[in-house]
Structures are given as structure tokens and as C-alpha cells.
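Q: Once you have looked at the hints, place chain B on chain A.
Protein chains in written order, with the numbering used here: chain A, 995 to 1313; chain B, 1141 to 1801.
Simulated from the structure, these hints should not be mistaken for lab results. There's no promise every hint is true.
As the list claims (entries may be wrong) - List time: in silico DSS-like cross-link candidates among lysine-lysine, alpha-carbon distance up to 30 Å:
hint : chain 1 : residue 1 : chain 2 : residue 2
1    : B       : K1392     : B       : K1349
2    : A       : K1205     : B       : K1768
3    : B       : K1768     : A       : K1278
4    : A       : K1278     : B       : K1676
5    : A       : K1278     : A       : K1208
6    : B       : K1264     : A       : K1313
Stated by the list, open to error - Quick list of the computed label-pair ranges, beta carbon to beta carbon:
hint : chain 1 : residue 1 : chain 2 : residue 2 : range
7    : B       : P1513     : A       : K1205     : 35 to 43 Å
8    : A       : L1179     : B       : K1380     : 31 to 39 Å
9    : A       : R1291     : B       : R1176     : 50 to 58 Å
10   : A       : P1138     : B       : P1281     : 37 to 45 Å
To be verified - Partner residues aside, some chain B positions facing chain A, computed with beta carbon under 8 Å:
hint : residue
11   : R1592
12   : S1737
13   : A1744
14   : A1775
15   : S1779
Please read these numbers as outputs of a predicted model, since none were measured by experiment. Each residue gets a CB set at the ideal place from its N, CA and C atoms; glycine is no exception.
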Amino acid sequence: MAKLKLALYWAASCGGCEIAQLLIGDRILKLAEAADIVFWPVAIDAKYKDVEAMEDNSIDVCLFNGAIRNSEQEHMARMLRAKSKVMIAYGACACRGGIPGLGNLHNRQQIFDTVYRDTASTEKNGNIFPQPSYKAPEGELEIPVFYDTVSTLNQVVDVEYYIPGCPPEEKTTWLALEALIQGKLPPRGTVISHNVKAVCDDCSRKRDIKKIKKIHRTYEFIPEPEICLLEQGLLCVGVATRGGCGALCPQVSMPCTGCYGPVEGVIDQGAHFLSAVASVIDSKDEEEIRTILSDVRDPVGTCYRYSLPDSLVRRASIK
Amino acid sequence: MSILKGKPDDDIKIGVYVCHCGHNIASTVDVEEVARRAKELGEVSVARDYVYMCSSKGQNLIRQDIMQLGINRVVVAACSPRLYEQTFQNVLRESGLNPYLLQVANIREQCAWLHEPGPLATEKANRLVKGAIKRVIHHSPIEEQSVPVFPATLVIGGGIAGIQAALEIANSQQIVYLVEREPSIGGHMAQFDKTFPTLDCSACILTPKMNEVARNPYIRLMTYSEVVEVSGYVGNFNVKVRRKARYIDEDKCVGCGICVEKCPWSTESEFDADLGVRKAVYTPFPQAIPNIPVIDKERCVYFLKGKCRACEKFCEAKAINFQQEDLFIELHVGAIIVATGYDVFDPTPISQYGYGRLPNVFTSLEFERLCSPSGPTGGQLKLADGREPKSLAVIHCVGSRDQNYNAYCSRVCCMHSLKYSHLFKEKTGGEVYQIYIDMRCTGKGYEEFYERVQGEHVRFIRGKLATITADSPDSETGEKLSLSCEDTLLGGLVNIPVDMAVLCVALEPRHDAEQVAQILRLGRSRDGFFMERHPKLDPVATMSEGIFIVGCCQGPKDIPDTVAQASAAAARALAMIVRGKMETGAITAAIDETLCSACKVCNALCPYGAIFFDEVSNVSRVNRILCKGCNVCGAACPSGAISTRNFSESQILAEIEGVLV
Chain A
995 MAKLKLALYW
1005 AASCGGCEIA
1015 QLLIGDRILK
1025 LAEAADIVFW
1035 PVAIDAKYKD
1045 VEAMEDNSID
1055 VCLFNGAIRN
1065 SEQEHMARML
1075 RAKSKVMIAY
1085 GACACRGGIP
1095 GLGNLHNRQQ
1105 IFDTVYRDTA
1115 STEKNGNIFP
1125 QPSYKAPEGE
1135 LEIPVFYDTV
1145 STLNQVVDVE
1155 YYIPGCPPEE
1165 KTTWLALEAL
1175 IQGKLPPRGT
1185 VISHNVKAVC
1195 DDCSRKRDIK
1205 KIKKIHRTYE
1215 FIPEPEICLL
1225 EQGLLCVGVA
1235 TRGGCGALCP
1245 QVSMPCTGCY
1255 GPVEGVIDQG
1265 AHFLSAVASV
1275 IDSKDEEEIR
1285 TILSDVRDPV
1295 GTCYRYSLPD
1305 SLVRRASIK
Chain B
1141 MSILKGKPDD
1151 DIKIGVYVCH
1161 CGHNIASTVD
1171 VEEVARRAKE
1181 LGEVSVARDY
1191 VYMCSSKGQN
1201 LIRQDIMQLG
1211 INRVVVAACS
1221 PRLYEQTFQN
1231 VLRESGLNPY
1241 LLQVANIREQ
1251 CAWLHEPGPL
1261 ATEKANRLVK
1271 GAIKRVIHHS
1281 PIEEQSVPVF
1291 PATLVIGGGI
1301 AGIQAALEIA
1311 NSQQIVYLVE
1321 REPSIGGHMA
1331 QFDKTFPTLD
1341 CSACILTPKM
1351 NEVARNPYIR
1361 LMTYSEVVEV
1371 SGYVGNFNVK
1381 VRRKARYIDE
1391 DKCVGCGICV
1401 EKCPWSTESE
1411 FDADLGVRKA
1421 VYTPFPQAIP
1431 NIPVIDKERC
1441 VYFLKGKCRA
1451 CEKFCEAKAI
1461 NFQQEDLFIE
1471 LHVGAIIVAT
1481 GYDVFDPTPI
1491 SQYGYGRLPN
1501 VFTSLEFERL
1511 CSPSGPTGGQ
1521 LKLADGREPK
1531 SLAVIHCVGS
1541 RDQNYNAYCS
1551 RVCCMHSLKY
1561 SHLFKEKTGG
1571 EVYQIYIDMR
1581 CTGKGYEEFY
1591 ERVQGEHVRF
1601 IRGKLATITA
1611 DSPDSETGEK
1621 LSLSCEDTLL
1631 GGLVNIPVDM
1641 AVLCVALEPR
1651 HDAEQVAQIL
1661 RLGRSRDGFF
1671 MERHPKLDPV
1681 ATMSEGIFIV
1691 GCCQGPKDIP
1701 DTVAQASAAA
1711 ARALAMIVRG
1721 KMETGAITAA
1731 IDETLCSACK
1741 VCNALCPYGA
1751 IFFDEVSNVS
1761 RVNRILCKGC
1771 NVCGAACPSG
1781 AISTRNFSES
1791 QILAEIEGVL
1801 V
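Extracted from the complex, chain A is given alone in its bound form (with noise of 0.2 Å):
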């Protein structure tokens, strides 16, 4: 049998994803047994115009980590895409936006004030903006164009699979790349993970009936080690979040933050986590439970930590 061919991409992301796909230690001599990487800019020297060179097609598997948030990182998308048989998003950022992806909360405008101009340690020397082009004494210079809002990967290109977290567990990165060395891929659209019910199906905590009285942040107080994290009063998103990494932080006390994405066949991740907190409120009285929510510090960060721009608003409406 003739030798995959594997591309690897980064866009908007941390690097994180590079470390997770290394994670997988030794069998990485497997999947070199099974497949030849012909682009990875964070392990091999290639350029763009070696891929640029290549025929459409001829990538069989394409893992493209991190969101869509600039010109540059959607040309790299699109041109991929045609050079690739399969897509995979890999890790939340691809998925669902990410991180980068609460940059929706706000557009260009405000980040570049925020980043050029209004920070502590920016030296105050005139309004200085990063501008596509620049004509340079050596000629006219360009860097890609920055946009308002950040994209999941299928909202700008087809995608065949899913490999959800920030970043990915290294047995879900396996469980999907067995699947490729040995040509067992699932259906087209799969979100590959081990398993499709929330994370407490994988969480040993014990749960009851949930009844939330007071919000509390993780700093506060030490839980009960084997009582449900959000019976104690902490968000933890495991509810809403699809399984699959084996509940490693609420198991050492940590909330879930949601990064796995939504459980199988659910539109807008935050809204239902929203809903299910806003279900288990313990209090009939309008101003208690304002109270109670009040605690809640970062509503969107916690409902859509990872999910923004895949949510049914995918962005704040700014006038």
C-alpha cells in the first residue's frame, strides 16, 4: 500500500495543538511507517510555494489546527482544502473558534486600541496601527489583513472530521489517526472522540439532584473530592461538554471548562450549559436569584470559553 501523505497546519492558535500531536510519543515511528508529512512549518522546512506546487488532491489528510482570523490563515485554509482528499479540524480553536474565538466579543477596531494603543506597557507615541501594506524604502511590504471576526474552520472551508480540545488528549489524537493508518474512517462529519455523551459520563463523581444556591469560584474553598463539582456550586461546563478525555480536571477538583465542544447533535454548546444552569437555580425570588448570578464573573467566558463563533450569535453586535 502506498504511503498517506499528511500535511499539519497552524492558524489561529497557541501551539499547543503542535505539543498535543507530539504527545503521542513513539508511535509517532508508526505513523511515519504509514505516512510521509509533507508540510508541518513547526517540525519540517517547507514553504508555501512547495505546497502551492503540489496538485490538487494529492494531501490525503490534512490536520489544520487553530480558528480563521486573518487573510493570510484563510488563504492557507482554502488553499489546503484543495489540496487535500480529507480535512480534519484538530483541537478546539479549529473546531468551534477556540480561545481566539472570544475575540468576537469585540471587533478589530477595539482590539488593535487594546493591543497598539491603550495597554499599560504600549509606549504612547501616536496612534500606531498595523496596516496591510507598507511602502518601505526597499519596496511595498504586506502582512495579512486582520478581521473582525474569527471563524471555525468549516465556516470557511468543507470539513471532513472533528478532533475536539484544547488541547486534544493524545489518545484522541491516536483513536483518529489509527483510524487513518488503517482506513477505517467513520462518517463523514464525525466528531472523533471516545465517547458522545457529556464528560460526566466519564467523571467519577457521585451525582444527585442539583440544586445551586450560591456560585463559587475555584479559589474559594477545596470541594468534596467524590460530590459533583457543579453540586458544589462550581461551573463546571462537564455537563455540556462532550467526553472522550476521561474527566481529567473535574477528577483533580478542577471544573470542567468545555473545551471537548458540544455533546454529539448539539447547536450552541454555552446556550444549553446557560440553560441547564439557569434549571438548577435554587430560588423562586427574582432578586435572589440575581444575587446568585451575580457571582458568575465572566458569563460568556464560562458558557463559551471555547465555542463562540460556533455559537447561533457567533459574535457580539457592535454599533
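A: For chain B alone, coordinates are given in the frame of chain A:
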């Protein structure tokens, strides 16, 4: 790009039927245009408009298209689905299609009746119809369900409401369990002297019914008993009843009354509104059913001090049993009729009326007992000092129609006030003052009774009573009460000296109504009475299928209304029992067990107790018979594992997209 993933893949053929509703819709919306635009959508095979879609001709259009064109999804654009959805569902059913493959677009109440005629109104109708079309694509057949009904009925409460309901059912030769918490059935009606407006003696018309209850072989009477637990659902309720220990063996007791006669200990009689006395072993009143006494453990000296047992010594039947304990009995019934009645308002908090402080101020219930020949005074009206009163004031609306206590009208007080006037005149010939806000005499023969009493020289003062005070004793007439009151017709303050005053107190929900509501999963309306399913069209049913409410537990009412309601509820219960089965709603929640992660978020939310956790399979489950399809659980489920049939996320989002995009 659509956010929806996947579509049903069968060959979808939609028929769209746009109704003119005479001119109701057609004068505002261009209905032909709506049909034309619908036809342009890919999935729509046929689109028609017709003057009255709900008429048999209109229905036939749909029927023919289903038969001849193979239409398999139907959109009707007409009035609110609350009106004709069932009609059109039947058309589908009769034509061999599952009735839930229908969607109604409301272009009358939600469009034509709201807007000016013109293209904008038509465009809105177009959008509503498009939403319905996009939605109906995602409809799938829903299986309708029925449950078997166990042929027995529980009636809770043995007042006139419960007695009437029990007799109606038993006379149809169906089993009834009648549970009453007092030692005898009869309720408040047994305490009354005469009944308005005909003035027949309350006991004379009630006692025969009570005897019928005792005689009827289909009635299992349980007095001195309380329902403590109800589980199950319509058709199959499991009921736990606590039979309180009487300390008298019901099977041995012959009702001779020797125990009562010989008991040396007395206490206040609840039946006589604490005005009279009863023994520690007692039957509440002479006509009690069953005629079996109970020993009041709180008052019996043997229980308190370990000595006496006089009753035991004299009982020839050997029926006294001090060792008796409460018994718990399990019943299986198909329907439940709740007839738990009312409490009377305690006027003590209205301190300016002096109740409890001034000896000659009585409540209406106390006055009933004073008038009754079997009451504490043998029917003689007497003041605290033993004189016969020469004047009486009857105060209306005490605790009713009063924002400080109960906002509602208690409905019976105007009429019993008139009755008191008549009785007082009859017994003493003295003066009577009626202090009223409005006279409400709205039943059959009631206004005539009002006129009759007006003719008996009763003085009617329209106004709200301010205070009742005690005047200094007059050497000739003894102590008098002085009433201070505004007369709104004369436009001034009046002071009325009387011997006796009766406060016509409000009818209130039972003090333990909330407990009963929780046991039976009943709702309560703002006034605290049990909530009916629909205030006009379904006043005896409740949101708990198979449980009916009758009489004053649903709201204040008089005896004729109570009896009519009791018969109505009996008919409803019989309809279920005689058929032996009952259809329950098809629109219910379903849990996708492949997605349920056992987080238990939904477990405490269901207002109908329809969700339970299956420890074996480690998933939450819905009892389809209890489920009303409110989708509280579906909204809460963070995994999207719960959806309510015909209200799936894909259906709702498709409809929104259809309307907006």
C-alpha cells in the same frame, strides 16, 4: 448556510392550504398570493386557497390531495391551532396519515387581525407559511397512547361534595373509596341549621344521603382516615391511607352510645364550633355516619393518667380497645376526586370587631350552631348572660373582599346573612341590621328570598363596619354592643346599638391545602384554592390527569353549585372507568439514552414527577403517561438528549429559519 444538520430523507410532498376565513383573513392578506408563493418552494407539491378550510368542503380538499397526490405533509394556514388543529389532525388520520404530520400557520390572530391590509401583511403571512413548511419537513409520525384505567375511584373528603360524587359513582355500580378525616361524614353542611333560599333543614336533606352512603355496597367508607401518599398516574394511582386509631373496634361496636354516656370527661365540641361540650369518647353529632364513637386520645384520662376505663367497663360489645394503633391501607384506584372543602376565616386579627373579646360577637358558623335544634342551646338564641337578644347585626364580608385578608368574594355570605335575618325574626321578633357592601343574590330563587327578607322589616345599611365596642351596662337592658359604621347611602356615620353581632366570615382554603396539593401534585391559584385545568371550560379537572376537584376546595361556592360540580366530576371519573382506558397526550418528552450522561440536571425539574433515574441503565427516563410535554426538562438538558415530540430543536430552528431567511 443552514445551521441544521441532516434532513429526513423520505420523499417529502407538502400540501399547503390557505384559508380565507371568509373575509377575516382575505380582507387583509392576499391569500391567493400566499398560496402562489408557497407553491414556488421546492418541497411543496400543491398549494390551494379556499374560503373556509375548516368546512367539510375545505377538509375534503386536503383529504383528496392526500389520497390522490400522495401528499405526506400538510400545512394549513388559517386561524390559531387552538381552534381547528384537532379538526385537521382528524382529516389526516382519516386519510391514513399520522396526524402529527400537520403544521398550522396562524395567519389570522398572528397576522390578519393585527395589521392593516396590504403587501406587508401578505409578506408576513408568506413568512409564517414558509416557517411552517420548513418545519413540517422535520415532522415525523408520533404514536398516540392510551393507558388502562383501574375501575375504582377515590373520593377525598366526606362533605356534601364528596358524598354526592361518591353516590353518583356507586349508583353506577362502580367501586368508590370515600376517605374522611373526621369521625363522621357530613362536613360543614351537617353543622348548618337551615339552607337558603328554601329554608329546608340542612340535616333533613343531608342525613338521607349520609345513610345512603352507609348502605351502598359499592362505597367503602373510611372515616377518621387521611390520605398520606399518592403515587402512580392516571388510571393507576396507588394511594396510602392512614386509618387513625379510634380505640373502638368498628366491627364490634353497635353504636349504643353507653360509652359516651358513662365517660366522665368533657371538652369543647368542634362540631358545635367550640360553643358546646362533648365527651372524651364521642360521636360528633347524633346522626353521625358511621355511628361509631372515637376516643380522643388527647382528652381521655386513661391515656393521660393511666386510670379510668369507664367506657370499657360498660361496653357490652367489648368494642373498646386501648391497644389499637394507626393502620396504613394501600388502595389502587383509576381516578381521584378531591373534595376537601374549606376552613372558615378566623376574625380574631380584626381586633376592632372584638371577636374573642366581646362575648356577644359570633362568627357565622357559631350562629348556625346556636340556631340549630341539635346545637349547644337547643336552637335558642341566647346572650352570654342568658337573656334572649332583642337585636342583631349581621356583618358581611368579614375577611372577604378585603385587600388585607382575602380579595375574593366568598359567594355564600350574602345569602346566609339573609337567612340569619329571617331566623332571628322568627325566633325573637327582634330588630335586625344588615351591614353590607353589595348584595349579591345571584342564584335561582335568591333574589326572591332577598325581597322576602326585605319585607320582614330588616334594616339594610350599605357600608363597611368600622368598630364594635361594648357600651356601659344599662340597668334595664344589660350590656349592649355599639357598632360604628359608615352608611354610604345616607352619607354619614351611624352608631347602632345591638345585643348580638354575627361576623359573616370568609371561606378560606384548608390550612393544610399545600400539603394536600403536594401529595396530589395539584396547582393552587393565587387565592390558595386548588387550581382547575381551565377556569371556564374545564373547571373540575386539574393539570394532574385523572384527578378532579369539586366543591369549596376549588373556590367558595354554595350547596347547589357544589352538588352540580360533584356530579360533573363523577361523570368524568365514570367516563374513564367505564371505557377502561384513557388517551393521554402524544406530545411528550423523550430521552435519547445514547446521549444521556446521567448528570441528573433534569431530575428535580419536572412539575409532574414524570422523570425518574434508572439506576440500572444509568440514564434518566420519562414516564410518558405522566409527561405533559412542557419541555422544562428539554430546555435544561445540557446534552441535548431530551426533546419533546413535535418540538424538536430541528423543527423549531427550521421554523425560525423559514420565517427569517
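Q: Hints the structure violates: just list their numbers, smallest first.
A: Violated: hints 7, 8, 10 and 11.
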